[in-house]
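**Q** Please model the complete structure; the sequences and the hints are all you need to start from.
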Amino acid sequence: MKGRKRARISQCMIVKNEERNIEKALSWGKGIVSEQIVVDTGSTDRTVEIAEQMGAKIYHFEWINDFAAAKNFAISKAKYEWVALLDADEYFSEEDAKKLLYYVRQLQDKPYHAILASWVHLDDDGKVTAVGTQSRVFRNEPGLRYKGRIHEYLASLNGADFRFVDAVNELSIFHTGYGEIGHSEKVKSGRNLKIIQAELEENPDDYRMLGYLGDEYYSADNREKAEEAFRKAISLMPDTEEFHDPIRTAMTFGKLLEILYANYSTEESNFMEIYEKAIRRLPQEGDFDYFAGRYFFLHENYPATEKHLKRALKQLETYGTALKSMFLSGDILNTYDKLATSCFNNRNLADCINYSTILLKTDRYRMNSLFLMLTAFLLDEISAREGAASAEAVASFLGQNLYDFGTLKDRLFVLRAAMQAGYQSLVAVMRAMFEPQELAVVDQALAVNKN
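Numbering (the numbering used here), first residue to last: 332 to 782.
Note that these hints are calculated values from the structure, not bench results. Even for Gly, the Cβ is constructed at its ideal location relative to N, Cα and C.
Across the chosen pairs, the derived CB separations fall in these ranges:
(1) K410 to S596: 55 to 63 angstroms
(2) L664 to A724: 22 to 30 angstroms
(3) Y509 to K692: 23 to 31 angstroms
30 angstroms max Cα-Cα, derived DSSO-like pairs, lysine-lysine:
(4) K410 to K388
(5) K429 to K458
(6) K430 to K410
(7) K645 to K608
(8) K429 to K347
(9) K347 to K388
(10) K361 to K388
(11) K388 to K355
(12) K641 to K692
(13) K429 to K355
(14) K478 to K441
(15) K429 to K441
(16) K563 to K525
(17) K638 to K608
(18) K525 to K347
(19) K408 to K361
(20) K429 to K410
(21) K608 to K478
(22) K388 to K430
(23) K430 to K408
(24) K361 to K410
(25) K692 to K430
(26) K692 to K638
(27) K355 to K458
(28) K361 to K429
(29) K430 to K347
(30) K355 to K478
(31) K458 to K361
(32) K429 to K388
(33) K692 to K458
(34) K441 to K430
(35) K388 to K408
(36) K525 to K478
(37) K355 to K408
(38) K458 to K641
(39) K641 to K608
(40) K347 to K361
**A** In structure tokens form, the structure reads like this:
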């Protein structure tokens with residue numbers, strides 16, 4: 332118990348011109364961390380002023396095109412047992428910040444060096460676009476420091492084993508830096524590109540840096556140069572599993588597959604060549620089948636779409652999101668939507684209904700999903716298959732699992748979907764749920780909308 336009591340957190344960050352983010356970046360740590368350290372690398376806006384007003388300790392570091400050096404300087408100023416080193420465009424929710432304090436107290440006397448958390452990317456509207464994995468909370472030990480001038484990573488300097496505790500299902504770091512506003516500012520500055528190019532001048536065969544070079548071109552919408560960089564990176568990846576960086580490798584393959592699928596003229600053989608290389612290198616990764624599913628959906632090859640998207644979801648279910656399946660995790664509802672459509676076109680009606688149900692449980696007023704589900708039920712009824720659900724059974728299923736037929740809104744929504752699907756037997760069942768005066772108003776409203 333004594334060890335747990337002494338576990339405290341120093342929140343550190345390096346900043347430059349972050350007046351838009353700094354208040355939120357410091358707010359999550361209030362009442363959780365024992366000190367807040369802000370290292371400024373040359374701000375010309377109100378970043379430092381706002382941080383001072385919020386009680387942070389301010390230090391200045393001359394920018395030398397080296398992110399690891401700046402972060403290690405910040406760590407050197409921390410005096411408590413654990414460090415939380417998030418960027419200014421990252422934060423924990425209030426709930427997760429409280430969990431974080433609990434975690435470090437539980438881990439204080441255990442042989443772990445860092446905590447793995449989900450890394451949730453948000454667009455400018457707050458919508459999740461991708462979910463990755465990051466380690467931003469770690470012990471304040473001299474042997475743990477960052478390496479790399481850019482896309483730096485935490486490493487053990489003395490060669491000792493680096494042990495993570497997996498908390499990706501309990502802790503999430505929210506990241507807004509890939510939103511259009513924040514990311515476009517970084518791209519325009521050209522800061523990262525210059526450092527990456529300098530790194531490649533020293534080591535032109537560094538496949539990791541070539542992958543990051545591809546990222547920069549991709550963000551600048553220069554897909555031709557991005558594809559060239561990603562292909563070169565893949566050609567230089569080592570054959571042995573132990574030497575490659577799984578996150579960087581997955582991003583390189585994933586973004587190249589995204590470029591290829593987005594180009595409608597990409598030949599299937601060209602796409603599948605990269606896909607096959609990707610799954611051989613990282614067989615647990617779900618993103619490769621996610622992009623393959625999108626490629627085949629775009630080309631209306633629904634059997635192949637169903638095959639790959641089901642495999643992607645199986646990978647996600649089996650291996651989780653720790654260090655993998657970043658793009659799939661951020662687009663899960665769209666994946667279910669494409670699967671439901673593909674299963675419908677493949678006349679796999681049972682799976683179409685199952686995937687539509689999943690979607691409707693997240694939002695029961697998704698008209699497209701309900702329309703697809705009811706059309707699948709209708710086709711099953713028309714087939715006269717033994718065991719096909721009757722309209723009464725379908726209405727019962729909807730009322731028990733998705734809708735409250737005690738409300739006019741839900742009854743009317745399902746009635747409209749049944750009418751659009753041409754599911755006349757269900758239309759009759761739904762109409763029987765309305766009072767005569769309600770039905771008169773409904774029919775009048777439907778007639779107005781029809782005209």
